[in-house]
Amino acid sequence: MEDKLSELTDRLRKAHGDALLSVILYGSAAGGDHHEKYSDLNVLCVLRQVTPTELGASEPIFKWWRDQDNPAPLLLSEEEVRTSTDCFPIEFEDMRERRRVLFGSDPIANLIIDKVFYRAQVEHDLRAKLLRLRQKAAGILGDKPALLNLMLESVSTFCVLARHALLLSGIPVGWQKRDAVGKLTEAGLDGSALATLLDIREKRKKTGAVEAAELFGIYLRQIEAIVSYVDRLEK
Numbered sequence: 006m007e008d009k010l011s012e013l014t015d016r017l018r019k020a021h022g023d024a025l026l027s028v029i030l031y032g033s034a035a036g037g038d039h040h041e042k043y044s045d046l047n048v049l050c051v052l053r054q055v056t057p058t059e060l061g062a063s064e065p066i067f068k069w070w071r072d073q074d075n076p077a078p079l080l081l082s083e084e085e086v087r088t089s090t091d092c093f094p095i096e097f098e099d100m101r102e103r104r105r106v107l108f109g110s111d112p113i114a115n116l117i118i119d120k121v122f123y124r125a126q127v128e129h130d131l132r133a134k135l136l137r138l139r140q141k142a143a144g145i146l147g148d149k150p151a152l153l154n155l156m157l158e159s160v161s162t163f164c165v166l167a168r169h170a171l172l173l174s175g176i177p178v179g180w181q182k183r184d185a186v187g188k189l190t191e192a193g194l195d196g197s198a199l200a201t202l203l204d205i206r207e208k209r210k211k212t213g214a215v216e217a218a219e220l221f222g223i224y225l226r227q228i229e230a231i232v233s234y235v236d237r238l239e240k
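Numbers given in the numbering used here equal positions in the sequence shown, counted from 1, plus 5.
Hints should not be assumed to be uniformly reliable.
[Claimed, not checked] Below, a list of computed lysine to aspartate or glutamate pairs in the DMTMM-like style, where the Cα atoms sit at most 25 Å apart: (1) 68 / 119; (2) 120 / 191; (3) 19 / 7; (4) 134 / 7; (5) 149 / 195; (6) 68 / 91; (7) 210 / 45.
If you are wondering where the hints come from, they were derived from the structure by calculation, not from laboratory data.
The model shown is predicted, which means the values in this text are computed figures rather than measured ones.
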């Protein structure tokens, strides 16, 4: 991971020169909760401006980075970072809490996140991901390996959103996914299905030890309860 990040930073510096202000790693990899199979390396690049010229200089770098199964880095101008917290409060809240400056200055340090927009995005993302989960599951309910894999691929996202739900309600929670799952009880919520899926991902529990359809039913109900919990928070 460190070699990949170092090479990415070097390529960005060579491509953009003085126009590159910052390269920042954020998310699970910055917080010590990175899973090689299921986690992405999320990178923010801050430039003086973002025009077709900058996009063209980034094209071969982004292609190389995506070929290694990583999402394309975010390209933002310094002004966009300052003015976009109302549109992307979850992402910027994650960056505020978990980031590593790989190069340049730190434009995230002094950002302020408006809780009205923050709560709205947490509920929106939870509902959108829940709908997407149902859509995907509807076509594979009879395929137990595929259903289990769907849950394993989605649990990380729901752990992250559960963490933000807890933070919104004033419950302190650490960065690790298990921290969020463990703290759900303080909000009167059950995270047992999420914990089981994390156990399988981390090979603490064998896939044969669970019945996929039954686990999915519990998983769905627990996510729905988290959505309802956020909906009841002060708007």
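Structure-based check of each hint:
Pair hint residue 68 plus residue 119 does not hold up; C-alpha atoms about 35 Å apart against a cutoff of 25 Å. At most 25 Å may separate the alpha-carbon atoms for a hinted pair to count; residue 120 and residue 191 meet this at roughly 21 Å. The straight-line distance between the Cα atoms of residue 19 and residue 7 is roughly 18 Å, inside the 25 Å bound, and the hint therefore holds. Simply put, residue 134 and residue 7 have alpha-carbon atoms about 31 Å apart, too far for the 25 Å limit, and the pair is violated.
A distance of roughly 23 Å separates the Cα atoms of residue 149 and residue 195; the hinted pair therefore holds under the 25 Å criterion. For a cut-off of 25 Å, the pair hint linking residue 68 to residue 91 is broken: about 30 Å separates their Cα positions. For the given pair, residue 210 sits about 23 Å from residue 45 by alpha-carbon distance, which is consistent with the 25 Å threshold.
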